[in-house]
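Q: Listed here are the chains, written in short residue letters.
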Amino acid sequence: MEQTVIRLEKVAKAFAGVPVINDLSFTVRKGEILGFLGPNGSGKTTTIRLLNGVIAADAGQITVAGFDPVTAGNEVRKRCGVLTESAAFYEPMTALENLLFFAELYGVKRPKARAEELLAICGLQEAAHKKVAVFSTGMKKRLGIAKALLHRPEILFLDEPATGLDPEGARSLMAYIKELNRASGVTIVLATHQLKQVEELCHRFLFLDRGRLLEIGTFRELAGKYLTSISLQVETDLTISGSQFKGFPIENRLPGSLQFRLERKEQIPLLLKELLAVGPVYSCTIQGYDLESLYFRIKEEKA
Amino acid sequence: MNKRAAKAIIAKDIKAISSNVQLWLPMLIIPLVFSIVLPLAVVLPARFYELDRIGNLEPILKLFNQLPPGRLRATLFALDSVNQQYIYLTINYLFAPFFLLIPLMAASVIGANSFAGEKERKTLETLLFAPLELKTLFGAKILAAFLPACFLTLACSFLYGTIVNLAAYPLFQRIIFPEGNWLLLILWVTPAVSLGAVLINVFISAKVKGFQEAYQLGCLVILPILGLFVAQLAGVFLVNSLFLCWLGAAVWIIDFFALKAGSRFLNRDQLFTSQVS
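Sequence lines, in order, name chains A and B. Numbering (numbering that gives the first Met the number 0) for the first sequence: 0 to 302. Numbering (numbering that gives the first Met the number 0) for the second sequence: 0 to 276.
Keep in mind the hints are simulated off the structure, nothing from the lab. Check before you lean on any hint, since a few could be wrong.
Cβ pair distances, simulated, as ranges [unchecked claim]:
1) N19(B) x G287(A): 41 to 49 Å
2) K177(A) x F264(B): 41 to 49 Å
3) E167(A) x R3(B): 36 to 44 Å
4) T70(A) x I29(B): 44 to 52 Å
5) M0(B) x I120(A): 31 to 39 Å
6) K134(B) x K130(A): 52 to 60 Å
7) L146(B) x R109(A): 23 to 31 Å
8) R6(A) x F256(B): 41 to 49 Å
C-beta atoms are modelled at their ideal positions from N, C-alpha and C, and glycine is treated no differently.
Okay, chain B solo, but in the shape it has when bound:
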C-alpha cells in the first residue's frame, strides 16, 4: 500500500465529511439522542419518582426475574430499590445495542459516499488516472470511513458515561457506568461491526451508480442490530460479556474473509467502466 497516497485520501475524505453539514448532521443527531436524551429520559424520572408507585412495572420485574444466575443478577438484586435496578439494567445492558447502531450509521453514510460520491463529483476518473494501486484506494476509503465511525462511537460512549454518572450519582452515590461488558462492546465489538459495515458499504458504493442507492442498500446492515435490541427487551437473551466476546470474534472473522474476497474483485477496468464511462 502506498502510505503517502493513502494518508492523503484519508485526510481529504475526513475533511470532506467535516465540511459537509448534510453529511455529518444526520450522523450526529441520532448519536447525541442516544448519548444524552435517552440516558436522561431513563435516569431522571427514576431519580425523582418511585417507579413501583407509578405501576406498569410488570414487564421490567419479569425481565429482572428472568435473568440467569450470575454476577449481573447478584449485582442487580443487591441494589436498594427497583429504581436503581431499572437504571442499572437499562443503562448498562438494554441500551448497549444502540452503541452498535452509532458506528453502523456513521460507517454507512461515509462508506456509501466513498466511491459513489467520487463518481457523482466526477473526481473518480481523476483518481483512477493516478498511479495508485486499487488496494491503496480501497484501503484508504475503508479507513476514511472506519476511523470517524470508531471515533464517533468512542466520543458518544464517553459522553453517555459522563451524563449517566452525573445524573445517577445522587441516587447511587457511586459511579455505575461502565460495566465490563461496555469496554468489550466499545473496544472489541464496535470496531469489528464498523469495519464490516464499512466494507459492505464501500463495496456496494463501488458497484452502484449514486450515493442515495449505495446508502439505501448499505443501511440494511442495521437490521440485525435492531433485532438484537428487540430480543433483549423481549427477554430472549442479554448482551453479556460472553456474548460480546463471541460476537466480536465472529464479526472480525467475517470482516477478514470479506476483505480477502472483496480485494480479489478489485479491477480498474471494471470500476472505470461501471462508474465513469
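Next up, chain A with everything else stripped away, as it sits in the complex:
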C-alpha cells in the first residue's frame, strides 16, 4: 500500500476575512512528484506555508510526515526543504557563507562538505565565493534549490522553481528534480503555473483555483475524464473531399495536412491504417492532448 506523507482534510484559511483556501482536502504519496497547478493567487504558496507550519489554518487537519505542522512545526520543518518564490538570501554574504549559515540552522553534519557538494550539483561551484548580490535570478534560484536540499529533506516544496530561468536553465532544473526524485525517492510538491515545464515531470497533478481543489490525478486519469475527444493533425498529400474520411470526421483542412476529430486515442492506428492504404502519411501530431488543454478544460468545467 502506498504511504501517504501529506494529508489535508477540509483545510480553510482566510486573511483579513478574505478566504484564500477553502475546504481543501488531498493527499500526497511518498516518493511522488505532485504538480501543484493553478493561476497566480489560487492559494499554492499559502498551502505550502500551511504545510510547513509557518502559518496556521483556520479550520481542518494537516499532517506532514506524520506530524501536525502547527503543534510539531520543527519536526515538520526538519523533514521538509522549501524553495519559495519570495524568500531571499543575505546578499552581502557569499553563496557558500549563505549555505553554511543555513546549514547551522538545520543542524547539518559536515556543513562545509555538504554545501560544496550542493554548489557543485547546482552548477555554482565557481560562484561559491561570490556575493549573492551579484547573482542573476537563475543563480539565486539554483542557490535556493541547494539551500532546500542542505539537510537531505524527505519532502521538497518547490514554489515556482523555474520562474526567471532561461529555457536551458529551466530544462536542466527540471531534469535535476527528476533525477533527485528517482535517485533519493524524495517526495516533491511542485507549485507552478508553467504547465509545459512540468508535464513530463510529475506523477500526478492537482488543479487549484481560488483556494479550491478542482481535480487531482495522473495525466492519464484526468485526460480520460476530461479530454474526451482529441484532434489529430496528419501531414499528407491526400486530397479528400467531404466532411469525413472512412467515418472519421475532418475538422480542418490546411495546405499539406488534414485535421481529424477522434473520440479516443485508440482510433489513431485505425485512421492511419486507412490513410496509408490510399496515400502517403509523413507525420501525425496529437493536438489538444496535453496538460495545458487539460488545465483549461478542467477550469472550464469546474471553476
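On the provided structure of chain A, position chain B as indicated by the hints.
A: Leaving out everything else, chain B in the frame of chain A:
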C-alpha cells in the same frame, strides 16, 4: 534554545553590522564624541586657564555647594583648585549619563534592524521556514544587539578613561578616573539598560513593517536618560553609587519581566502574517 543555530544567527548579525557602514558609522560617531571630544573639551581649557578668572562660575560653584555631605563632597573640597574640582565632578559624575546613551543608541539601531531588517531584505521568510524555535530566534537577535552594545560601551569607557587620565595627569599628578560609581555604571547599569533597550527595540521591530519605523519608535527609550542628565545639571540629584545600585537592580527586574512577557507573545503565525504575508 538551539545553541548552534543561535551562535550562527549572532555571528551573522554581528558580521552584517560590521560590514554595513550606514549602520555602524552613526553608532560610532556619537560615542567617539562622548569618549574623546567632550573630556578634552572639559580638561584642556581647565588645565590652561584659571576658571575663576574667566568668570560665570556661579552655577558650578552652586552645584559644588549643593552636594550632600559624604565622600564626594570631601574628595572635591580636598582638591587644590576650582579647576580640579570642575574637572573631577564633570568627568566622574556629570558625564556619566552619556555612557548610558551609548549602549542605548547602539542597542536601538541594531535591535530595530533585527526583524524589520530581515523583513526588508526578505530573509525573514527563509528564517521562519527553518526548524528553529522562535525562542532561539528572538534570543539570538537579542544577544546579537546586546553584545555589541555592551562591547561598544566598554571600549568607549576605556577610551574615555585613557583620554581623561592622559589629559588631566599634568594637573592632578595622579589618575582621577574611574571612580567607584563608574564601575557600577559600566558593569551593572549599562548591561541592564542595554538589555532593556534591546528588548524594546526587538519586540517593536517584530511588530512594525520597516527599519525606519522601528528605529524611530525605539529611540524613545533615550528620553529618560536625557532627563537624568538635565536633572544632574540642575542640581536635582547626582548619579552616585547608591543611585546606580538601585537603578541597575530596577532595570534588571524590569528586563526580566519584559523578557517573560515578550516570550509569551511569540507566535510564528502572527509573526509571519504580520511581517511576511
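Q: Compare the structure with each hint and give your call.
A: Hints, one by one, checked against the model:
For the hinted restraint 41 to 49 Å between N19(B) and G287(A), the CB-CB distance of approximately 56 Å leaves it violated. At about 44 Å, the CB distance of K177(A) to F264(B) agrees with the hint of 41 to 49 Å. Between E167(A) and R3(B) the beta carbon distance is about 38 Å. The supplied range of 36 to 44 Å therefore holds. Remark: the range hint 44 to 52 Å for T70(A) to I29(B) is upheld by a beta-carbon distance near 47 Å.
The hinted window of 31 to 39 Å between M0(B) and I120(A) holds, with their beta carbons roughly 33 Å apart. K134(B) and K130(A) have their C-beta atoms about 31 Å apart, which leaves the hinted 52 to 60 Å range violated. At roughly 28 Å, the beta carbons of L146(B) and R109(A) sit within the given window of 23 to 31 Å. One distance hint, 41 to 49 Å for the beta-carbon pair R6(A) and F256(B), holds here, with the actual separation near 42 Å.
Checked against the numbered hints above, the structure violates hints 1, 6; every other hint is satisfied.
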